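S.K.: If you read the protein sequences in the order shown, they are chains A and B. Going letter by letter, the first sequence gives residues 1 to 351 in the working numbering. Going letter by letter, the second sequence gives residues 1 to 351 in the working numbering.
It is worth saying that the hints were derived from the structure and are not from the lab. Hints should not be assumed to be uniformly reliable.
Since the list can't tell identical chains apart, any single copy or any two copies may satisfy a pair.
[To be verified] The calculated lysine to any residue pairs, modelled on SDA-like cross-linking and capped at a C-alpha distance of 20 Å, are:
#  : residue 1 : residue 2
1  : 204       : 302
2  : 204       : 154
3  : 204       : 240
4  : 204       : 148
5  : 204       : 300
6  : 204       : 292
7  : 204       : 303
8  : 204       : 123
9  : 204       : 301
10 : 204       : 242
11 : 204       : 286
12 : 204       : 224
13 : 204       : 284
14 : 204       : 107
15 : 204       : 44
16 : 204       : 157
17 : 204       : 299
18 : 204       : 245
19 : 204       : 339
20 : 204       : 262
Remember, it's a predicted structure, so these values are computed and weren't measured experimentally.
Protein chains: 2
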Amino acid sequence: MDDISFAVLGTGGIGRRTLEVSTQTDGVTPVAACDRHGIAVDHDGLDVEELLAATEGNVDSDPNPADDARADGGAAVKQAGEDVGVVASAQAEPTETPIEDVIDESEAIDAVLMALPNLEHDFIPRVGERFADAGYEGVLVDVLKRSRVIGMLDDRAERFEESGITFVCGAGATPGFLTGAAALAAQSFVEVEEVDIWWGVGLKSGYEDNRGTVREDIAHLDGYDLETARNLSDEEIEEIVDEHDGRLEFHDMEHADDVLLERAGICDAEDVHVGGILDVRSDEKPTTTTVSVTGTTFDGETGTNTFQLDDDTCMAANVNGPALGYVKAGVRRNRAGEYGVFGPADLMPGF
Amino acid sequence: MDDISFAVLGTGGIGRRTLEVSTQTDGVTPVAACDRHGIAVDHDGLDVEELLAATEGNVDSDPNPADDARADGGAAVKQAGEDVGVVASAQAEPTETPIEDVIDESEAIDAVLMALPNLEHDFIPRVGERFADAGYEGVLVDVLKRSRVIGMLDDRAERFEESGITFVCGAGATPGFLTGAAALAAQSFVEVEEVDIWWGVGLKSGYEDNRGTVREDIAHLDGYDLETARNLSDEEIEEIVDEHDGRLEFHDMEHADDVLLERAGICDAEDVHVGGILDVRSDEKPTTTTVSVTGTTFDGETGTNTFQLDDDTCMAANVNGPALGYVKAGVRRNRAGEYGVFGPADLMPGF
Numbered sequence: 001m002d003d004i005s006f007a008v009l010g011t012g013g014i015g016r017r018t019l020e021v022s023t024q025t026d027g028v029t030p031v032a033a034c035d036r037h038g039i040a041v042d043h044d045g046l047d048v049e050e051l052l053a054a055t056e057g058n059v060d061s062d063p064n065p066a067d068d069a070r071a072d073g074g075a076a077v078k079q080a081g082e083d084v085g086v087v088a089s090a091q092a093e094p095t096e097t098p099i100e101d102v103i104d105e106s107e108a109i110d111a112v113l114m115a116l117p118n119l120e121h122d123f124i125p126r127v128g129e130r131f132a133d134a135g136y137e138g139v140l141v142d143v144l145k146r147s148r149v150i151g152m153l154d155d156r157a158e159r160f161e162e163s164g165i166t167f168v169c170g171a172g173a174t175p176g177f178l179t180g181a182a183a184l185a186a187q188s189f190v191e192v193e194e195v196d197i198w199w200g201v202g203l204k205s206g207y208e209d210n211r212g213t214v215r216e217d218i219a220h221l222d223g224y225d226l227e228t229a230r231n232l233s234d235e236e237i238e239e240i241v242d243e244h245d246g247r248l249e250f251h252d253m254e255h256a257d258d259v260l261l262e263r264a265g266i267c268d269a270e271d272v273h274v275g276g277i278l279d280v281r282s283d284e285k286p287t288t289t290t291v292s293v294t295g296t297t298f299d300g301e302t303g304t305n306t307f308q309l310d311d312d313t314c315m316a317a318n319v320n321g322p323a324l325g326y327v328k329a330g331v332r333r334n335r336a337g338e339y340g341v342f343g344p345a346d347l348m349p350g351f
Numbered sequence: 001m002d003d004i005s006f007a008v009l010g011t012g013g014i015g016r017r018t019l020e021v022s023t024q025t026d027g028v029t030p031v032a033a034c035d036r037h038g039i040a041v042d043h044d045g046l047d048v049e050e051l052l053a054a055t056e057g058n059v060d061s062d063p064n065p066a067d068d069a070r071a072d073g074g075a076a077v078k079q080a081g082e083d084v085g086v087v088a089s090a091q092a093e094p095t096e097t098p099i100e101d102v103i104d105e106s107e108a109i110d111a112v113l114m115a116l117p118n119l120e121h122d123f124i125p126r127v128g129e130r131f132a133d134a135g136y137e138g139v140l141v142d143v144l145k146r147s148r149v150i151g152m153l154d155d156r157a158e159r160f161e162e163s164g165i166t167f168v169c170g171a172g173a174t175p176g177f178l179t180g181a182a183a184l185a186a187q188s189f190v191e192v193e194e195v196d197i198w199w200g201v202g203l204k205s206g207y208e209d210n211r212g213t214v215r216e217d218i219a220h221l222d223g224y225d226l227e228t229a230r231n232l233s234d235e236e237i238e239e240i241v242d243e244h245d246g247r248l249e250f251h252d253m254e255h256a257d258d259v260l261l262e263r264a265g266i267c268d269a270e271d272v273h274v275g276g277i278l279d280v281r282s283d284e285k286p287t288t289t290t291v292s293v294t295g296t297t298f299d300g301e302t303g304t305n306t307f308q309l310d311d312d313t314c315m316a317a318n319v320n321g322p323a324l325g326y327v328k329a330g331v332r333r334n335r336a337g338e339y340g341v342f343g344p345a346d347l348m349p350g351f
């Protein structure tokens, strides 16, 4: 396969680390990156080192900017010196319309990774729609988490197909990496009874970079929902973190692994359970990330296959490696003329 | 995807169990099965229950029949009553040319699973070639084990492409299921240092059905090779089994996981190690089947991700579920116009 050019929408934790990982990944070249303040484009390949170094700095946090100004990972823009966010890079230009600017360049871009916050459910679907409206023929990949968003993408599947877009949704760690692992682990069974995804994340050094993710997770705590989480100030988030001594435990999260496994024919959505522990005061994982798939074999035995990530692999490694993998998988499908909406399990060997 | 019609070449342990698993798998219909003595064809779908029941019986073992007569899993034909092997089924006809007969029917067959012994390295490649010579446009899937065979298939890739054949090689458990798991587990890492595949098989009740597999494994024991293993009588095999108290341990096996992972860009073939323990006197697995993938993350950490199969999932479940999965994946590729030779890891999400 020819080299794949890709853009990143959003330069929060996920966007920045994807750029970094791509410099160590064969066959992918980052050619554009934007946040709410600016855009950097170089179709011969961005200088990632310069871009990351120039934008390393303070956090500028505002989870509720206007639509086009959301291209920064929401609550996670880095800034240093006078220029804010990506504009601090010598490769970037300021803009009021970063997403529109990427769309303008998109004819020469094979894939676009949307590392955007999605506190409004339909934000990422609407961004996808804008690419379709512009007649983009390529791959869109998101790393969104919530189940209900998949349906919103499906509602737009026909528009993506008409445009020639292959949309890969939920292509991070969970959903994404672990969804694919569950689809694989299910292959011993003719009937899958339960998929249990349990994650551990130690985010001390990555905390500043990933406030958007933490905010989304807080919505899963008792007493909170997406609406209340969106309206929390940074100080209020810190208070919640303090109350839990930096360690937040989640059960029955609304993670799209459920609908993504159901649509791939692996099991019923209601039999998928996602939970985990986030420790923002340690880089050690508070628990080992484990996917357990329980099912019945053709000869009537019940068993549980498991997939475990080493505690020494950080969240960024487990999100961005797979995200770039799914970018490649999406481009392969796109070049074969397969358009529409695909989940991670749909891209597995057709199990 | 439309329903997939498939044929099975060989009705030894793997062929028979694939037919059985397919009756519990959505979207696949077995329409032909052959062994060295006969062929059963029904394009509306075979009656698998009748076929398996009718052919349950004694073992007729001859590892060195002529080419066309090898379509029976080699050392593993079942027989009962006067009619030998598949001919005992009311759906079957005797034939001297079973493979040719399947080729004659192949225009209406989406995929052909080659559950054939491969004690001569080029046997399966040559069978594939015969399908290409006949202008077959469809999917060939094998469950072969040995690394050197992959190169022989690659040598024929152009002929497969010209014919319109999508050849999925090494699509059983290992290589196959566990190769895919290794490709998946590698996604945390930018550099993979080692892949260790360690399997446990308890084969007491499946032993009679799987003598061909046991014979191939014996070739990996110290003091044996493929040539000597092929020439062993059944009695000599029993002696070897007795000497080891029914428990054979293997290290550094020539399993194609190595070249299949290398060709998919996951790691160097020499960094892949395959071994395991086979216990033919117990149905309990003597050790837990585990895939360990060790690598370095983008941020310089070293870790090991693991995939484990439950001890209660038997070899047949772990071979045939994935084999049918790879059949489906192959048909999807074939319908998208992708021809040539693919390994299991090539069919993963393009990592």
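S.K.: State for each hint whether it applies.
M.R.: Hints and how they fare:
1. Taking the shortest alpha-carbon separations for residue 204 and residue 302, only the inter-copy value of 19 Å comes in at or below 20 Å, while the best intra-copy value is 39 Å.
2. In the homo-oligomer, the alpha carbons of residue 204 and residue 154 never lie at most 20 Å apart, since the shortest distance is 36 Å inside one protomer and 48 Å across protomers.
3. For the identical chains of this complex, residue 204 and residue 240 are intra-copy neighbours only, at 16 Å inside a copy versus 57 Å across copies, given an alpha-carbon limit of 20 Å.
4. In this homomeric assembly, residue 204 and residue 148 never come within 20 Å of each other (Cα to Cα): the closest approach is 30 Å inside a single copy and 48 Å across copies.
5. Taking the shortest alpha-carbon separations for residue 204 and residue 300, only the inter-copy value of 17 Å comes in at or below 20 Å, while the best intra-copy value is 45 Å.
6. With identical chains, the CA atoms of residue 204 and residue 292 are never at most 20 Å apart, being 27 Å at best within one copy and 27 Å at best between copies.
7. When the C-alpha separation of residue 204 and residue 303 is checked against a cutoff of 20 Å, the pair qualifies only between copies, where the shortest distance is 19 Å, while the shortest distance within a copy is 36 Å.
8. Taking the shortest alpha-carbon separations for residue 204 and residue 123, neither the intra-copy value of 28 Å nor the inter-copy value of 57 Å comes in at or below 20 Å.
9. In the homo-oligomer, the alpha carbons of residue 204 and residue 301 lie at most 20 Å apart only across protomers (16 Å), although the nearest pairing inside one protomer, at 43 Å, exceeds that limit.
10. In this assembly of identical chains, residue 204 and residue 242 lie within 20 Å of each other by CA distance solely inside one copy; the values are 14 Å within and 57 Å between copies.
11. Taking the shortest Cα distances, residue 204 and residue 286 sit within 20 Å of each other inside one copy (12 Å), while across copies they are farther apart (42 Å).
12. Taking identical chains as interchangeable, the C-alpha atoms of residue 204 and residue 224 are never at most 20 Å apart, the minima being 23 Å within one chain and 55 Å between chains.
13. In this homomeric assembly, residue 204 and residue 284 come within 20 Å of each other (Cα to Cα) only inside a single copy, at 8 Å, whereas the closest approach across copies is 44 Å.
14. With identical chains, the CA atoms of residue 204 and residue 107 are never at most 20 Å apart, being 39 Å at best within one copy and 60 Å at best between copies.
15. For the homomeric pair residue 204 and residue 44, neither the shortest alpha-carbon distance inside one copy (35 Å) nor that between copies (60 Å) is at most 20 Å.
16. In the homo-oligomer, the alpha carbons of residue 204 and residue 157 never lie at most 20 Å apart, since the shortest distance is 39 Å inside one protomer and 51 Å across protomers.
17. When the C-alpha separation of residue 204 and residue 299 is checked against a cutoff of 20 Å, the pair qualifies only between copies, where the shortest distance is 15 Å, while the shortest distance within a copy is 47 Å.
18. For the identical chains of this complex, residue 204 and residue 245 are intra-copy neighbours only, at 13 Å inside a copy versus 53 Å across copies, given an alpha-carbon limit of 20 Å.
19. Taking the shortest alpha-carbon separations for residue 204 and residue 339, neither the intra-copy value of 39 Å nor the inter-copy value of 48 Å comes in at or below 20 Å.
20. Proximity of residue 204 to residue 262 under the C-alpha cut-off of 20 Å is found in neither arrangement, the shortest distances being 34 Å within a copy and 36 Å between copies.
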